[in-house]
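Chemist: Protein chains in written order, with this note's numbering: chain C, 1 to 312; chain Z, 1 to 312.
Among the hints, a few may not be true.
Identical copies carry no separate label here, and so any pair may be met within one copy or between two of them.
[Said to hold, decoys possible] Below, in silico cross-link-like pairs of lysine-lysine (DSS-like), each with a Cα-Cα straight-line distance of 27 Å or less:
{"#": "1", "residue 1": "Lys98", "residue 2": "Lys310"}
{"#": "2", "residue 1": "Lys98", "residue 2": "Lys311"}
{"#": "3", "residue 1": "Lys116", "residue 2": "Lys252"}
{"#": "4", "residue 1": "Lys169", "residue 2": "Lys98"}
What the hints contain is simulated information worked out from the structure, not anything from laboratory work.
2 protein chains.
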Amino acid sequence: MAEGLKRRETPLVDRLVVIGPGLIGSSILRAARATGLAHTLVTTDAHSGVRERARELSLADEVPDTSAEAVAGADIVILCVPVGAIASVVAEIADHLKPGAIVSDVGSVKGCVVEKAGPLLPKSVHLVPAHPVAGTEYSGPDSGFATLFVNRWSIITPPEGADAEAIAKIAALWETIGANVEFMSAHHHDRVLAITSHVPHLIAYNIVGTAADLEEITQSEVIKFSAGGFRDFTRIASSDPTMWRDVFLNNKDAVLEMLGRFNEDIAALARAIRWSDGDALFELFTRTRAIRRNIIELGQETAEPDFGRKKG
Amino acid sequence: MAEGLKRRETPLVDRLVVIGPGLIGSSILRAARATGLAHTLVTTDAHSGVRERARELSLADEVPDTSAEAVAGADIVILCVPVGAIASVVAEIADHLKPGAIVSDVGSVKGCVVEKAGPLLPKSVHLVPAHPVAGTEYSGPDSGFATLFVNRWSIITPPEGADAEAIAKIAALWETIGANVEFMSAHHHDRVLAITSHVPHLIAYNIVGTAADLEEITQSEVIKFSAGGFRDFTRIASSDPTMWRDVFLNNKDAVLEMLGRFNEDIAALARAIRWSDGDALFELFTRTRAIRRNIIELGQETAEPDFGRKKG
């Protein structure tokens, strides 16, 4: 058993269904298999090529062609699709869920899930949205791995009045596959993630675009001298375009507000540079150093120089 | 011999002096030792603690207390101090250099080196500024290693009329310790590095500061959920504060201009988000993905997911 995964003596549920076995979905399936999380694992995808690959990789016991078939008799259904696709998948499965089934997801935005998916589900079904804060820059069924969630945080955002037992089951699912669990409102989640994930992605995508568009500096120069800092940003800026388009379209208010704060701060920094205020720069650069130390101490980052990166 | 370092049959020079054996300086010394670059290695530092550590680590054959002593009889002197300290070190050593000595540096800004240091040197001494685009987020004599420059680029920016033999010697020095060499004007260097290194550092420092200052989101939340993207930025934002303060103060014009372009682009992105222009977002996010692929293909980055990072 890989470190951090918790092997179960008895399965948490009989049938666990993952819709969308990409990076996150296939990692859940691999971890579920390794821990004995469910008696039967089921997965499906809108794309036949992904279903085919899921079968080749034996990611699940059953890989039916449609989500309607997949969710029949399911105890837990986890939607691992881009946030913009959640409502339409929920519409497809709503009539095929058994009473008492739990529907969850892994989307990076949570308010819109409750708003859009909630009203489409029958009263007899429990909606318990979640968001595991974990991933890599790669996508698809081949990119997942069983330990992706170990020592990462999964945030559960139960809607008001959600069933306590259903919430506990989703928490147990994440803990079994190695994650720490935190509860918060969807609204607070969307603001926290706007600053710790969405705006960082936005500025990474943006700086890579700005560099590519300069006419006096060649693409080859940008690439050659990327080890000066730029290349770090390209990792985040190579994340899945569909997923990230949907994140920004569905967390508009929080992203624009946090970006506004980022812009205020960068304007102040630009002013400090223009007026040679070295002390202001030094003060900020010292403060930010301490924050990384905390992240390393709390086990969310490696202390190895340069991320422990090997030469390319 | 570690891969990429080129063992010399005969030393390139008799006496090589590194002033400031920090991350970069101590890496040069280690690589010089490993390749037989010079007959005698000399280092010194303004801080007695650093000199002491250099002696304990046997980074050089001689560790005199002052730069004036250190440069006596030197063939090549490399200044590995923050850009803001270069002029005062040059003033200290100018009268102690032998005719024909070559003075170089490793500063991240090049225009200011020529402007400030050039006039202080005797005519008989050659100034050949250089900038190895390599490093980690750590500083000090203990953080260096011999292969730091392997497969990285070192940019040489010879002033007009610089001695061809002196330029060739500095190029040979970098090639011996594994770097690729590129020549350009100091002016062009400062603009290329503004976009591939200086502005990326500025926005990394800035986003870490913005996140730390939010009142509604706790430091603990920022740390816990940093794996969503934020933690990548903290690596760069933990780089040496003195070095980076000096970079911004000495490359003001190029940094402010490139930052202006970054700001224009981010304003356009914010507008695309506000008006739900998903196609514009998708187009950028697809384009940026291709740039990372190029950086990986050209050996400037690892293809391993998440930089090959181990769990913290």
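Chemist: Are any of the numbered hints broken by this structure? If so, which, sorted upward?
Modeler: Those not satisfied are hints 1 and 2.
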